[in-house]
Amino acid sequence: MIYLELFLGFLKVGFFAFGGGYAVIPLIRDVVISHGWLDDEMISYMVALSESTPGPIMVNMATYVGASQAGITGAILATSAVVLPSFFIILLLATLFRKVENNRYVKVILGGLKPCMIGIILATGIMFIGKNCLEGTTAFQVNRLNTALSDIQMNHKNIALTVFLAVCYFGSARMIKKGMSPIQLIAASAILGMLFFA
Amino acid sequence: MSMVKDIPAVTADATTDIMNKLTDLFLTFAKIGLFTFGGGYAMISVMQEECVNRKKWVSDEDLMNVTVMAESTPGPIAINCATYVGYRQSGMIGAVVSTLGLIIPSFCIILFLSAFLSDFLKIKIVADAFRGIKIAVGILMVDAAIKMLRKKTFKPVQRMILAGSFLIMLTSGITAVRVSSIAVMLTGAMVNLVVFLTKTGGKGK
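Residue numbers (our numbering), protein chains in the order written: chain U, -14 to 183; chain D, 20 to 224.
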């Protein structure tokens, strides 16, 4: 029963997909390989494709595997399964949180979690920009040690575009009241990418 | 008679209001979903702009809370945020509509691409566009962190936790020694709790 298998397989992915993004690739790999839905080559390709299409990687993976195994019904089932666990967990937490948000200990714990999260996001962002600016590494590369240090070079085009976009984005926020919105930045970066790297 | 006539009119108005709200939620999250590149962190900046600044659906503090929840539970941050904001705005149905809105663009795109998948990434102009988008994604991650830093004032202990987690993640990234962000967050929560308990002697104020 392929429908049930797809549903249960991706339910498992959804339940254990802590960390999000690239941290879940090993888990997805386990599930799709054990069912024989994708091989390693196809997984690498899907990771690359997910980078170039909008949407979280596990949703993209579920949609693709579902569609390739059992058509549109399969795609809908697998995608729902991968989303359901986090959907209900967040609903539960949102309801619980209202009741405990003024509790002293909850506040203290959140007070420790929040600065941590900001530190993690800042570090991830800086790493990401750094990898974009260095040749021989890929921004989305999973195994970073594959590249020998001597292979790493400055990628001048990427550095130039990073500086230009950062100046436009942060500069416009200072000069004009509204500034450039994040969505406008993404759109501009896509258009500039097409012109600049051509 | 007029009373009886009034009631359906009012109900119809309320229904229209709810429908408008749900449509707004759906379209806003579909727009966000269309621009969800490069995983969750870059999306926080987009959420800040759309849900806090523009629509004023949730506060900065709320968004930070849900980001913490998202980071400590399974599932992509963007989806977690959509579910939470939708729920806060229109309850269960709002949560469903917002989450669907977020997923549908990528669902359709992947479904469409799965028909001629192997050629998509070989198109030069597509590859170039996404090389550009990767750069924007990095900038947006840093932007999300900066915005959060600006909105919040931290105590000295919290500043140390922030600096510590930043350095640990950065070192882990450079040396390729994998450190799970959940472990780092748990440590941060523990440190803050222990400091609090030590200060108050376990009794609180």
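In short, the hints are calculated from the structure, not lab data. It is possible that part of the hints are untrue.
Residues from chain U that face chain D, not an exhaustive set, calculated with beta carbons under 8 Å [said to hold, decoys possible]:
1. Phe(-8)
2. Ala2
3. Pro11
Covered stretches of chain U (in silico footprint by chain D; criterion: 3 or more residues with CB under 8 Å from a CB of chain D, positions within the stretch not fixed) [stated by the list, open to error]:
4. 18 to 25
5. 140 to 148
Heads up, the beta-carbon is just placed ideally off N, CA and C, and yes, glycines get one too.
- Task: Hints the structure violates: just list their numbers, smallest first.
- Result: Numbers 1, 3, 4, in rising order.
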